[in-house]
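Colleague: The residues making up each chain are set out below.
2 protein chains.
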Amino acid sequence: MTQTQDFGFGTQIRKSPYFDATVRWGATGFSVYNHMYIPRDFGDPVQNFWNLINDAILCDVAVERQVEITGPDAARFAQLLTPRDLSKMAVGQCKYVLITNAQGGILNDPIMLRLAENHFWISLADSDILLWAQGVAVHSGMDVTIREPDVSPLQLQGPKSGQVMRALFGDAIMDLRYYWLRQVELDGIPLIVSRTGWSSELGYELYLQDSSRGDELWEKIMAVGGPIGLKPGHTSSIRRIEGGMLSYHADADINTNPYELGLDRLVNLDTEVDFIGKAALRRIRDEGPARRQVGLVIEGEPLSGPNTTFWPVTLDGRTVGKVTSAIHSPRLGQNIALAMLVVDAAHLGASVQVQTRTGVMAATIVEQPFYDPKKSIAAA
Amino acid sequence: MTQTQDFGFGTQIRKSPYFDATVRWGATGFSVYNHMYIPRDFGDPVQNFWNLINDAILCDVAVERQVEITGPDAARFAQLLTPRDLSKMAVGQCKYVLITNAQGGILNDPIMLRLAENHFWISLADSDILLWAQGVAVHSGMDVTIREPDVSPLQLQGPKSGQVMRALFGDAIMDLRYYWLRQVELDGIPLIVSRTGWSSELGYELYLQDSSRGDELWEKIMAVGGPIGLKPGHTSSIRRIEGGMLSYHADADINTNPYELGLDRLVNLDTEVDFIGKAALRRIRDEGPARRQVGLVIEGEPLSGPNTTFWPVTLDGRTVGKVTSAIHSPRLGQNIALAMLVVDAAHLGASVQVQTRTGVMAATIVEQPFYDPKKSIAAA
Numbered sequence: 000m001t002q003t004q005d006f007g008f009g010t011q012i013r014k015s016p017y018f019d020a021t022v023r024w025g026a027t028g029f030s031v032y033n034h035m036y037i038p039r040d041f042g043d044p045v046q047n048f049w050n051l052i053n054d055a056i057l058c059d060v061a062v063e064r065q066v067e068i069t070g071p072d073a074a075r076f077a078q079l080l081t082p083r084d085l086s087k088m089a090v091g092q093c094k095y096v097l098i099t100n101a102q103g104g105i106l107n108d109p110i111m112l113r114l115a116e117n118h119f120w121i122s123l124a125d126s127d128i129l130l131w132a133q134g135v136a137v138h139s140g141m142d143v144t145i146r147e148p149d150v151s152p153l154q155l156q157g158p159k160s161g162q163v164m165r166a167l168f169g170d171a172i173m174d175l176r177y178y179w180l181r182q183v184e185l186d187g188i189p190l191i192v193s194r195t196g197w198s199s200e201l202g203y204e205l206y207l208q209d210s211s212r213g214d215e216l217w218e219k220i221m222a223v224g225g226p227i228g229l230k231p232g233h234t235s236s237i238r239r240i241e242g243g244m245l246s247y248h249a250d251a252d253i254n255t256n257p258y259e260l261g262l263d264r265l266v267n268l269d270t271e272v273d274f275i276g277k278a279a280l281r282r283i284r285d286e287g288p289a290r291r292q293v294g295l296v297i298e299g300e301p302l303s304g305p306n307t308t309f310w311p312v313t314l315d316g317r318t319v320g321k322v323t324s325a326i327h328s329p330r331l332g333q334n335i336a337l338a339m340l341v342v343d344a345a346h347l348g349a350s351v352q353v354q355t356r357t358g359v360m361a362a363t364i365v366e367q368p369f370y371d372p373k374k375s376i377a378a379a
Numbered sequence: 000m001t002q003t004q005d006f007g008f009g010t011q012i013r014k015s016p017y018f019d020a021t022v023r024w025g026a027t028g029f030s031v032y033n034h035m036y037i038p039r040d041f042g043d044p045v046q047n048f049w050n051l052i053n054d055a056i057l058c059d060v061a062v063e064r065q066v067e068i069t070g071p072d073a074a075r076f077a078q079l080l081t082p083r084d085l086s087k088m089a090v091g092q093c094k095y096v097l098i099t100n101a102q103g104g105i106l107n108d109p110i111m112l113r114l115a116e117n118h119f120w121i122s123l124a125d126s127d128i129l130l131w132a133q134g135v136a137v138h139s140g141m142d143v144t145i146r147e148p149d150v151s152p153l154q155l156q157g158p159k160s161g162q163v164m165r166a167l168f169g170d171a172i173m174d175l176r177y178y179w180l181r182q183v184e185l186d187g188i189p190l191i192v193s194r195t196g197w198s199s200e201l202g203y204e205l206y207l208q209d210s211s212r213g214d215e216l217w218e219k220i221m222a223v224g225g226p227i228g229l230k231p232g233h234t235s236s237i238r239r240i241e242g243g244m245l246s247y248h249a250d251a252d253i254n255t256n257p258y259e260l261g262l263d264r265l266v267n268l269d270t271e272v273d274f275i276g277k278a279a280l281r282r283i284r285d286e287g288p289a290r291r292q293v294g295l296v297i298e299g300e301p302l303s304g305p306n307t308t309f310w311p312v313t314l315d316g317r318t319v320g321k322v323t324s325a326i327h328s329p330r331l332g333q334n335i336a337l338a339m340l341v342v343d344a345a346h347l348g349a350s351v352q353v354q355t356r357t358g359v360m361a362a363t364i365v366e367q368p369f370y371d372p373k374k375s376i377a378a379a
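Protein chains in written order, with numbering that gives the first Met the number 0: chain E, 0 to 379; chain U, 0 to 379.
Hint data in this document are derived by calculation from the structure and do not stem from the laboratory. Treat the numbers as computed from the prediction; the structure is a model and nothing was measured. Watch out, some of these pointers could steer you wrong.
Said to hold, decoys possible - Listing some non-contacts, in silico: residues in chain U with all C-beta distances to chain E over 10 Å:
#1 V31
#2 G228
#3 R264
#4 T318
What the hints assert, rightly or not - Derived coverage of chain E by chain U (criterion: at least 3 residues anywhere in the stretch with Cβ under 8 Å from a Cβ of chain U; other residues may be distant):
#5 9-22
#6 28-38
#7 204-211
#8 240-251
Yeah, the Cβ is synthetic: ideal placement off N, Cα and C, and Gly gets one too.
Could you build all of it, start to finish, from the sequences and the hints given here?
Modeller: Put into structure tokens, the structure is as follows:
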């Protein structure tokens with residue numbers, strides 16, 4: 000694809016309110032997510048990784064479209080959509096949740112935000128949960144309104160993101176807790192900010208509520224952040240794989256259940272609360288999942304980029320699963336990967352073979368996450 | 000994006016079973032549709048257009064994912080999903096339908112295929128109708144199974160496509176009627192073929208039912224079709240705009256209703272049959288839609304490519320709508336466009352102004368489709 004403002008094949012894929020700004024600031028490659036372009040390359044993904052872990056980066060994640068649920072039954076409906084227990088979710092709180100279908104398959108792994116008693120946003124990974132939620136509502140008998148509001152998030156991530164936030168919003172913002180949100184303004188631009196992200200680093204998301212002001216918002220943040228060390232960037236596959244974070248469609252899909260991912264903590268079967276998939280998930284829990292996600296360290300030369308197909312994993316010539324995400328971590332000096340294996344092959348420390356396009360590589364099953372700053376600090 | 004087999008940023012976007020074949024046969028640019036790569040450039044979109052209208056092209060449209068509905072209530076459930084009357088839809092028939100939400104907004108404009116009494120496929124435009132349909136089913140009380148089967152369509156389109164089909168499947172295929180389907184095999188490869196497409200030309204779709212055989216199928220068709228004049232290609236924006244065919248997200252979306260598009264024939268309000276959106280669509284019909292899609296001929300220099308943003312349309316300085324799809328037709332020697340205007344500005348023959356990125360262009364509202372072979376033949 001080209002780098003010009005005429006980027007694209009028509010209007011079938013939307014442009015973010017930050018699109019022109021990201022091109023101006025050096026975006027050289029885009030992918031598509033939720034029917035919208037997302038910058039995925041500013042010339043050097045490894046430099047982007049160092050910028051993220053040493054300083055801070057600003058990322059256009061307007062593709063995280065919001066599903067807004069309002070109405071008298073909004074809270075009850077939000078709970079219907081997820082196996083996670085929301086009964087203690089306060090107004091102003093965010094939660095990482097799974098959305099499951101009647102078979103317990105994962106449809107999305109969004110952040111849910113509670114803006115008011117009966118006012119929720121679901122900040123989406125890449126699938127049309129707007130259609131899922133509207134479809135569920137049709138015969139639900141609940142009084143809810145479900146729509147996509149004019150909201151376009153940015154991610155501000157990295158160890159210096161706190162300083163940038165302080166410079167933008169003053170000292171008051173420093174007491175914003177992990178996975179909480181606040182309504183703020185920046186020179187009259189209406190925002191929700193939350194201490195969330197997709198980097199395992201200190202980070203914030205800024206939800207712009209007026210798409211006509213995207214360019215202005217981007218420039219204001221870069222102007223304030225630049226002297227602190229803020230760089231334009233994009234979500235880092237290296238950092239999120241180091242952190243064992245999921246990429247929907249790659250590491251999880253409609254045929255994956257929470258137990259296969261070890262995400263038992265996001266499923267609450269021990270209440271009277273009803274949610275879609277409860278019976279199926281109870282059955283899966285009782286029987287035990289057939290597959291299990293593991294971390295792999297893959298030997299050999301550094302991978303030149305991410306895997307672009309699912310690489311088969313074999314054990315003594317038998318196919319036992321697939322690598323879903325693989326990349327070279329320059330910090331760890333290792334090729335690291337997430338893989339989904341049959342349970343009887345998913346043992347810590349075991350050796351397996353990975354069938355890449357260019358040949359077979361040996362790999363070892365290891366603990367996740369690959370990098371945990373808390374452990375590193377403790378060891379230091 | 001690159002042209003190598005390592006194309007892409009990871010496994011988050013799927014590759015079609017024909018991906019390697021299309022790269023081998025010259026695909027130079029890809030877009031994303033239904034979470035999957037689709038070739039959209041073989042080097043020269045204008046040459047692709049001439050190949051389509053003079054000879055025939057083979058297009059990878061595996062992105063047309065299928066939603067399969069089976070079970071005792073499948074026929075009743077299929078009708079629930081669309082305002083089009085399906086009561087006379089025979090087994091073996093296809094229908095172009097709209098899928099609407101409770102507000103009458105369009106969620107997709109797929110082809111529906113009836114494979115058996117209670118066995119339907121919905122061959123999708125770009126949105127997750129799998130989630131919509133599963134969501135609707137949750138509380139519907141109907142006994143249906145809804146899933147995405149292993150089906151990957153190809154389009155074989157153009158005046159010589161009939162000859163290619165005859166060479167592939169023998170004389171028997173020649174009596175396949177417009178919008179009917181048939182189960183066939185090609186050297187043991189299981190297929191459904193239908194006389195449908197997205198080109199307004201004679202054309203067929205071939206639904207591969209075993210994704211492991213995509214490369215083999217592509218090569219067999221090209222080997223047989225090549226001597227007849229078949230070229231590798233991609234869906235043609237020029238031809239589909241000439242034909243006034245919709246591109247979902249560009250020309251229609253969740254906030255567009257069928258009456259705005261003049262698609263009254265796809266809405267049947269005069270039966271006892273229940274479908275989602277019926278009450279809303281009755282209200283819209285009775286009140287009359289607020290907007291109306293029109294065709295535009297835009298004056299000035301030939302457009303160098305499609306519009307990549309929605310261009311505002313103004314009348315005496317007042318914004319009255321937007322251009323949704325615009326392109327230069329080399330056959331007509333005109334810039335042609337689809338636009339959505341407020342009803343009081345949507346008069347045939349009226350002059351309006353189009354605000355492009357590079358300046359204002361004068362335009363005239365004209366009848367659609369821009370090119371109709373039947374009229375041309377009659378006039379000849």
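Colleague: What hint numbers does the structure not satisfy?
Modeller: The structure conflicts with hints 1, 7, although it agrees with all the remaining ones.
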